[in-house]
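So that you can map any letter, position 68 of the sequence shown is 68 in the numbering used here, and since no number is skipped, the others follow by simple counting.
If you're looking for bench data, these hints aren't it; they were derived computationally from the structure.
Just so we're clear, the structure is a prediction, and the values are computed from it rather than from any experiment.
Worth double-checking, as some hints may not be accurate.
Cβ-Cβ distance ranges computed for the label pairs, FRET-style [what the hints assert, rightly or not]:
| no. | residue 1 | residue 2 | range |
| --- | --- | --- | --- |
| 1 | T69 | A12 | 27 to 35 Å |
| 2 | G70 | H5 | 15 to 23 Å |
| 3 | D23 | D50 | 12 to 20 Å |
| 4 | Q37 | P85 | 29 to 37 Å |
| 5 | A48 | P77 | 15 to 23 Å |
| 6 | T78 | T47 | 17 to 25 Å |
| 7 | T78 | A48 | 32 to 40 Å |
| 8 | G62 | V9 | 16 to 24 Å |
| 9 | A17 | P77 | 14 to 22 Å |
| 10 | T78 | D49 | 26 to 34 Å |
| 11 | A36 | P77 | 17 to 25 Å |
We put the beta carbon where it would ideally sit given N, CA and C, even for glycine.
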Amino acid sequence: MSTVHLPSVLRANVGGAKTLPIDGSTIRAVIEALVAQHPALGPQLLTADDELNRFVNVYLNGQDVRYLTGLDTPVGPTDEVRLLPAMAGG
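Assemble the whole structure, with the sequences as input and the hints as a guide.
Here it is as structure tokens:
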């Protein structure tokens with residue numbers, strides 16, 4: 001199982017967990033499994049079309065998946081996935 005790291009802004013929706021073990025062979029499958037287990041994350045991570053929200057950055061082992069193969073990026077059992085929603089300020 002890959003390990004999904006969650007920032008503090010998302011932890012309230014997963015019972016405060018900093019990391020979660022999640023099965024999935026691609027980034028898309030990992031995110032879908034995460035949302036299936038914790039539905040409150042859905043609106044924060046996905047659009048109405050079940051695509052990744054453009055304000056969410058996803059990293060696989062420190063690499064931005066946008067520069068790999070996006071949501072189709074393969075995920076191995078020892079990989080680490082980090083979800084980082086963009087923060088806005090003014």
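Hints and how they fare:
1. T69 with A12: 27 to 35 Å: The hint (27 to 35 Å, Cβ to Cβ) holds, given that T69 and A12 are roughly 31 Å apart.
2. G70 with H5: 15 to 23 Å: Distance hint for G70, H5 holds at roughly 19 Å.
3. D23 with D50: 12 to 20 Å: Holds, at about 18 Å.
4. Q37 with P85: 29 to 37 Å: violated, 18 Å
5. A48 with P77: 15 to 23 Å: violated, 31 Å
6. T78 with T47: 17 to 25 Å: Since T78 and T47 have Cβ atoms about 30 Å apart, the given range 17 to 25 Å is violated.
7. T78 with A48: 32 to 40 Å: holds, 33 Å
8. G62 with V9: 16 to 24 Å: The hint (16 to 24 Å, Cβ to Cβ) holds, given that G62 and V9 are roughly 20 Å apart.
9. A17 with P77: 14 to 22 Å: holds, 19 Å
10. T78 with D49: 26 to 34 Å: holds, 31 Å
11. A36 with P77: 17 to 25 Å: Taking Cβ atoms as reference, A36 and P77 lie about 19 Å apart, which means the hint holds.
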